[in-house]
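Undergrad: Sequence:
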Amino acid sequence: MSAALEIAAPSRAGGPGAAGSALRDWLALLKPRVISLVVFTGVAGMAVAPHWPPVAAGLIYMACICAGAGAAGAINMWYDRDIDAVMKRTAVRPIPGGRMDADSALVYGVVLAVISVVVLWLASNALAAGILAFSIFFYAVIYTMWLKRSTPQNIVIGGAAGAFPPMIGWAAVTGGMAVLPVVMFAIVFLWTPPHFWSLSLYACKDYSRAGIPMLPVVKGPRHTRWNILVYTFILGAVTLVPSVMRLCGPVYTVTAVMLDLGFIACAFRVLFDRQNERGESLTGDRPAKFAFRYSLAYLFLLFLGLLVDRVFFA
Numbered sequence: 001m002s003a004a005l006e007i008a009a010p011s012r013a014g015g016p017g018a019a020g021s022a023l024r025d026w027l028a029l030l031k032p033r034v035i036s037l038v039v040f041t042g043v044a045g046m047a048v049a050p051h052w053p054p055v056a057a058g059l060i061y062m063a064c065i066c067a068g069a070g071a072a073g074a075i076n077m078w079y080d081r082d083i084d085a086v087m088k089r090t091a092v093r094p095i096p097g098g099r100m101d102a103d104s105a106l107v108y109g110v111v112l113a114v115i116s117v118v119v120l121w122l123a124s125n126a127l128a129a130g131i132l133a134f135s136i137f138f139y140a141v142i143y144t145m146w147l148k149r150s151t152p153q154n155i156v157i158g159g160a161a162g163a164f165p166p167m168i169g170w171a172a173v174t175g176g177m178a179v180l181p182v183v184m185f186a187i188v189f190l191w192t193p194p195h196f197w198s199l200s201l202y203a204c205k206d207y208s209r210a211g212i213p214m215l216p217v218v219k220g221p222r223h224t225r226w227n228i229l230v231y232t233f234i235l236g237a238v239t240l241v242p243s244v245m246r247l248c249g250p251v252y253t254v255t256a257v258m259l260d261l262g263f264i265a266c267a268f269r270v271l272f273d274r275q276n277e278r279g280e281s282l283t284g285d286r287p288a289k290f291a292f293r294y295s296l297a298y299l300f301l302l303f304l305g306l307l308v309d310r311v312f313f314a
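Per this note's numbering: the sequence shown = residues 1 to 314.
Please keep in mind that the hints were generated in silico from the structure rather than gathered at the bench.
In this text, a Cβ means the ideal position worked out from N, Cα and C, and glycines have one as well.
Mixed in with the good hints, there may be bad ones.
[Claimed, not checked] Just the calculated beta-carbon pair ranges, DEER-fashion:
1. 33 - 150: 23 to 31 angstroms
2. 32 - 312: 26 to 34 angstroms
3. 150 - 282: 45 to 53 angstroms
4. 178 - 205: 39 to 47 angstroms
5. 300 - 272: 39 to 47 angstroms
6. 182 - 114: 20 to 28 angstroms
[Said to hold, decoys possible] Restricting the straight-line Cα-Cα distance to at most 20 angstroms, the calculated cross-link-like pairs of lysine to aspartate or glutamate (EDC-like) are:
7. 219 - 260
8. 205 - 280
9. 148 - 101
Make a model of the complete structure from these sequences and hints.
TA: What follows is the structure, given as structure tokens:
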């Protein structure tokens, strides 16, 4: 999700520098910045469960969620290597950058996926492992190989892939399912469209060049701005469900209201950004860039409020 960086041609010489560069490429395949938020939402799912898992077990659950998300990311990079090569912000990834063999990346992703699911099954239960396996399949196959290149609703439907970790964390601890982790799933699911559509507004040329039918490419920037606003309002309503159902305490409620007001303000700024007749920004999409960054902090702080409630008010 970062802008493309200027890099020098990779050295063919051996030594610590080459080994370090190779390690960074293997880690890059896992999309570490994406993983950090995924793991946090999974930890939130564990933490709000009726009881805390043993420390060792909790660390294993976290590692499995992390590995599973990374495996899906590696398979995504393997399949998307053709479009990554023509997009500025992804052209420096290990495979299109020529530093990684595509088949090796695929094997890496598949092996890591299998290990993460099997270990989670042995360490917790079949339900948690099954949800993890389905989330990997959903992101790597349903979203990456089908939805992403076929419909402007790719992010709306594909958002489910990144919404499963709270359910995985809860299931790993309890062996069952309940209303709260399902609501947490819904929050992440509804957060994903305004989050990624904000990105797609200022990365529209990249997506168009790669032939990806993102909403601003197919329907135009103005249509996308309205959709960001609508989904932000829907998201705000769903974030208050735990409060209405008394599944949380006052910290989460106050946090949710404040964050929702901020996100709605961001969405209005995006909507009323100075535009030309085609709906394209005349400000370099500064409001969209700010909304994208705000959305990252939004999800982290929202779930953090839920954790504080559970720790101090449960």
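Undergrad: The structure should be examined with respect to each hint, and the outcome stated for every one.
TA: Tested hints:
no., hint, verdict
1, 33 - 150: 23 to 31 angstroms, "holds (26 angstroms)"
2, 32 - 312: 26 to 34 angstroms, "holds (30 angstroms)"
3, 150 - 282: 45 to 53 angstroms, "violated (32 angstroms)"
4, 178 - 205: 39 to 47 angstroms, "holds (44 angstroms)"
5, 300 - 272: 39 to 47 angstroms, "violated (27 angstroms)"
6, 182 - 114: 20 to 28 angstroms, "holds (27 angstroms)"
7, 219 - 260, "violated (26 angstroms)"
8, 205 - 280, "holds (11 angstroms)"
9, 148 - 101, "violated (23 angstroms)"
Hints 3, 5, 7 and 9 from the list above are not met by this structure, while the remaining hints are.
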